[in-house]
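> Chains G and U supply the protein sequences, listed in that same order. Mapping to the numbering used here: the first sequence position 202 is 202, numbers consecutive. Mapping to the numbering used here: the second sequence position 459 is 1459, numbers consecutive.
Source of the hints: derived by calculation from the structure; they are not laboratory data. On a predicted model such as this, the values are computed, not experimentally measured, just so you know. Some hints could be false.
[Stated by the list, open to error] Straight-line distance between alpha carbons at most 25 angstroms, and here's what the computed BS3-like set of lysine-lysine pairs gives:
hint : chain 1 : residue 1 : chain 2 : residue 2
1    : U       : LYS1343   : G       : LYS152
2    : U       : LYS1136   : G       : LYS230
3    : U       : LYS1324   : G       : LYS168
4    : G       : LYS21     : U       : LYS1136
5    : U       : LYS1312   : U       : LYS1359
6    : U       : LYS1364   : G       : LYS56
7    : U       : LYS1099   : G       : LYS31
8    : U       : LYS1058   : G       : LYS56
9    : U       : LYS1364   : U       : LYS1377
10   : U       : LYS1343   : G       : LYS168
11   : U       : LYS1058   : G       : LYS152
[Claimed, not checked] According to the in silico footprint, chain G covers these stretches of chain U (three or more CB under 8 angstroms from chain G):
hint : stretch
12   : 1299-1311
13   : 1559-1567
[Said to hold, decoys possible] What follows is a set of in silico ranges between Cβ atoms, one per label pair, in the way DEER data are often shown:
hint : chain 1 : residue 1 : chain 2 : residue 2 : range
14   : U       : PHE1065   : G       : SER57     : 43 to 49 angstroms
15   : G       : GLN9      : U       : ARG1044   : 34 to 40 angstroms
16   : U       : LYS1324   : G       : HIS156    : 20 to 26 angstroms
17   : U       : GLN1007   : G       : GLU226    : 25 to 31 angstroms
18   : G       : LEU255    : U       : ASP1011   : 50 to 56 angstroms
19   : U       : GLU1178   : G       : THR60     : 51 to 57 angstroms
20   : U       : ARG1044   : G       : LYS281    : 20 to 26 angstroms
21   : G       : LYS281    : U       : LEU1355   : 28 to 34 angstroms
22   : G       : ASP25     : U       : ARG1044   : 42 to 48 angstroms
Beta carbons are placed, not taken as given, at the ideal position from N, Cα and C, and that holds for glycine.
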Amino acid sequence: MGYARDRTQDFRECVRAAAIKQGMDQANLTKLLSSLMMPKALQKSSFLSAATETMKSINTLQSFVLARRKDYTDRHRSTEQDRDNIEHEVGLFVKTCRERIDFLKNTIGKDESGGQTGWISGLICSSHNADLVAHQHGVVLILSEHLHSVTKTFDHFRAARFQEAIEKSMPRLRKGASSTKNMKDYNYEMNQHETMEIQELKQDQLEEETRALQVELTNLMDAAQETERKMIEMSALNHLFSTHVMHQAQQIEMLYQQALDATENVVKGNKEIRKAIERSKSSRTFLLLFLFVLPFALLFLHWYN
Amino acid sequence: MALSIRQRQTDAVVKMLNLNISVVSGGTADEEVYKVLILDRFCRDILSPLIRVNDLRKHGVTLFFTIDKERQVIPDVPAVYFVQPTAANVERIIRDASKGVYETFHLNFSSSIPRSLLENLAAGSLKGDCTQRISKVFDQYLEFITLEHGMFSLGQPLTYVQLNDPHAEDKDVEMTVESIVNGLFCVIVTLGVVPIICCPKGGPAEMVASQLDSRLRSHLNERNNLFMEAGHLGSSFQRPVLCIFDRNFELTAALQHVWSYRPMVHDILGMKLNRVVQGGKPYELDDSDPFWVANSSAPFPKVAEVVELELKKYKQDIEAVNRKTGAKGEMSFDEQELLGNTKHLMNAVNSLPELTERKKMIDKHTNLATALLGEIKSRSLDGFYNIEDDMLGRGSVDKNALLSVLKGKGTKEDKLRTAIVYLLAVETTPATEVEAIEGALREADIGLSSFLYVKKMKSLNSTFAAATAGNRNNLVDWAEKLYGQSLSAVTAGVKSLLSGGRQLAVTRAVEALLEARAGPETEAYLTFDPRVPKSSSKVHIQGSFKEAIVFMIGGGNYNEFLSLQELGQRLQPARNIMYGTTEVLSGKEFVEQLSTLGTKMGLGGSQGVIAPAM
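Only chain G is shown next, with the shape it has when bound in the complex (with noise of 0.2 angstroms):
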């Protein structure tokens, strides 16, 4: 693989020689020679600890949803309730991350250093760090990726289970067809090998009756198997609606703002070009005016002199 060499040890020699051939005494080139040895600690800003921690928190989620997801996506190892239960717990982790993210994002740019508040401080504060407020959105936009990045491959276990909950319900349906068929075959044969007595007719209608109570039950039981799965469908395009509807929600969101900045610096624009304009022509007349005078004011001199 490429190699890097690593010359911090050489840049340490020459900072001891320069140091020494600037006449520094023992002690400062001891304290010296300490510091770059031992970086002192990283004082962080309260802004960079939240964003730390809410990582911490998104990481931990990711490492929650990869080890469960050994129980969640092989079918036979915990029931639906369990899965029911991950999935709340999930969802409530992921939207406490989610406001941590939101608050993060409109805390960039306040001050840190000074409890005031007001506006005073907030223009000052605006004008101040064009960088640092951009390296916070860059922080808030790395969280926000890797959250939707873990979300993602939680959304995809759940197709995955929706997937399976569906072909589940599907063999069932072709399941009580055939046996509903063998019923009724074994019924007709069965009748074909009765005594023509009077008793038998009338078990004969009972048997009717209880054959059609039978093909009418396994006809509900039918419709309830079939709006289930429909149900279940439903559910799982509903929920792959509601993620892109979501998604397109922050987008339209994000237009929204956009086009109003748009438009806000447009209508600065034309003011400033309005004033322009008036300007010039002020200056314009000015000009005129100063030249008109000017050979007058020569010509009269001259005539005086």
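Fit chain U to the supplied structure of chain G, relying on the hints for placement.
For chain U alone, coordinates are given in the frame of chain G:
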């Protein structure tokens, strides 16, 4: 051991972005996750074909800046600097560190920083009392631009002019050679193997090869050398061969008009760092685009066909999706179909992003192909290509065809290129023909300095002609000798059926070197092996090489790259051939360099200022 230089460079850059701590999988959220990246212009070119901005974010880089811009203080973030080791950059770093713009500084220099600059850095930081901020200094040895999996460029412009300049002083030439050696050294370090170096005798190639050899030798003797892990690969069987050529070895490859997709996009539409700007919009063309990867060596008409096919397939897929999800408004209450419908709906929604991606790609290539077609029509490039192909294939020229082409459509550079190819391809150029050509060029109001320069070079130097002598297909030779002109026309047609019989000289030389055959051309080649101590006189090349790195001093292009790739795949067993140059030039840019040289020589004046033997 397949060497992919792009993979290695990406790995090295990723490691650097993670502050040179080895990348721990399942990375913990330690405090230094969010960083800022500072680049200079050259290193920005290095990174741009390699990593996208989204990928940067994956490694925790929130922002990136250029070192020259005025930057504001961002407290408590570490900053990763990736810059060239120049005095100006060191000044800037000292200034930033004393102002305390960032919390800690991790300095990565794209090649080895010389001791003097390191001392400057130390002294400056001591004065600014900020030595503790500079936490790490690294030499990254990454001073080259990787364009493809097997192609790199050193990004050093105008090397051909600098090396062939008649008025150049020795120290200028030495400086150019040293920077080339520096770049090649970085490439070798990134690859991690010490190659065996071959080069033709004489010229800049020999200078570069010998200097590179001595540099590698002195480096291997150091205690902390960078190839220790590769120490066991001592046999030449595993080591690649590094072939260094000079542009003067074959000028036609840089000048001729091209007919395959990728070289055309580069030559005509001006592709830089895998990016093309067409119709005001920038397009990225790299390995993530499957159409580009599959069709980059196809000739142009085929590309147009494939684009059509893709478009048709895409339309069919869209139709299918629409039909299945009942978007046409058909209602059917059959139970089975409804069930199918919902499933299809889900599939459709999932596959929509993929379909939009495909559409974007098809649009991109359609636009590029249309632009190319427009250029071809307006400049009648097919005429130029055909006649150059003819000349290089047959070694003789149809004078009338050439003159008509020169008088016809096309930009000035196109005509100059064809004229110079004529000079180089045809062995004996009677003065009358040359006069006629010059007259045609003068009529078209074209500056003749490059043409005259090449004429002069040709008369001084027989190596130009020799390189193109073997271009002719043997079959055509034999036919002409026996049956004269009438059959040559037939065989010319046959030759075009045999897949592109003509090879570039570079390809032939590399083939000979790879197979370790002593051909008539490669006899005069020198070989250097940095691992063998200087005392042993002869270098043995055992067997053939499995991998090769071909380096062209003075400028290369995609045409050569593609032909080398074909060679690599054609050989049994398939070899891995990498291609590198000092810079990637289109035909137009190379002609400009030739004209600069011509003007420097005084338009090929007969005062006999002979170029110093390089």
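> Please go over all the hints and tell whether each is borne out by the structure.
So, going through the hints one by one against the coordinates:
Our distance criterion of 25 angstroms between C-alpha atoms is met by LYS1343/U and LYS152/G, whose separation comes to about 20 angstroms. For a cut-off of 25 angstroms, the pair hint linking LYS1136/U to LYS230/G is broken: about 62 angstroms separates their Cα positions. For the given pair, LYS1324/U sits about 24 angstroms from LYS168/G by alpha-carbon distance, which is consistent with the 25 angstroms threshold. The straight-line distance between the Cα atoms of LYS21/G and LYS1136/U is roughly 23 angstroms, inside the 25 angstroms bound, and the hint therefore holds.
The straight-line distance between the Cα atoms of LYS1312/U and LYS1359/U is roughly 11 angstroms, inside the 25 angstroms bound, and the hint therefore holds. This hinted pair does not check out: LYS1364/U and LYS56/G have alpha carbons roughly 41 angstroms apart, beyond 25 angstroms. Between LYS1099/U and LYS31/G, the direct Cα distance comes to roughly 21 angstroms. Compliance with the 25 angstroms bound is thereby established for this hinted pair. The suggested pairing of LYS1058/U with LYS56/G holds, with an alpha-carbon distance near 16 angstroms, which does not exceed 25 angstroms.
The hinted pair formed by LYS1364/U and LYS1377/U meets the criterion: a straight-line CA distance of about 20 angstroms does not exceed 25 angstroms. For the hint pairing LYS1343/U with LYS168/G, the CA-to-CA distance comes to about 15 angstroms; that is within 25 angstroms, so the pair holds. For a cut-off of 25 angstroms, the pair hint linking LYS1058/U to LYS152/G stands: about 16 angstroms separates their Cα positions. Check on the stretch 1299-1311 of chain U: 0 of its residues sit with their Cβ under 8 angstroms from a Cβ of chain G, so the three-residue criterion for coverage is violated.
Counting residues of the stretch 1559-1567 of chain U whose CB lies closer than 8 angstroms to any CB of chain G gives 0, so the stated coverage by that chain is violated, three being the minimum. In this structure the supplied range 43 to 49 angstroms is violated for PHE1065/U paired with SER57/G, their Cβ-Cβ distance being about 30 angstroms. Between GLN9/G and ARG1044/U, the C-beta spacing of about 29 angstroms breaks the proposed range 34 to 40 angstroms. Roughly 23 angstroms separates the CB atoms of LYS1324/U and HIS156/G, a value that falls within the hinted 20 to 26 angstroms.
About 53 angstroms separates the C-beta atoms of GLN1007/U and GLU226/G, a value inconsistent with the hinted range of 25 to 31 angstroms. Separated by about 38 angstroms at the C-beta atoms, LEU255/G and ASP1011/U break the suggested range of 50 to 56 angstroms. For GLU1178/U paired with THR60/G, a C-beta distance near 54 angstroms keeps the hint of 51 to 57 angstroms intact. The hint said 20 to 26 angstroms for the Cβ distance between ARG1044/U and LYS281/G, and at roughly 46 angstroms that hint is violated.
Evaluation of the 28 to 34 angstroms hint for LYS281/G and LEU1355/U yields a failure: the beta carbon distance comes to about 57 angstroms. As the Cβ distance of ASP25/G to ARG1044/U is approximately 44 angstroms, the hint placing it in 42 to 48 angstroms holds.
Consistency with the previously given hints fails for numbers 2, 6, 12, 13, 14, 15, 17, 18, 20 and 21, ordered from lowest to highest.
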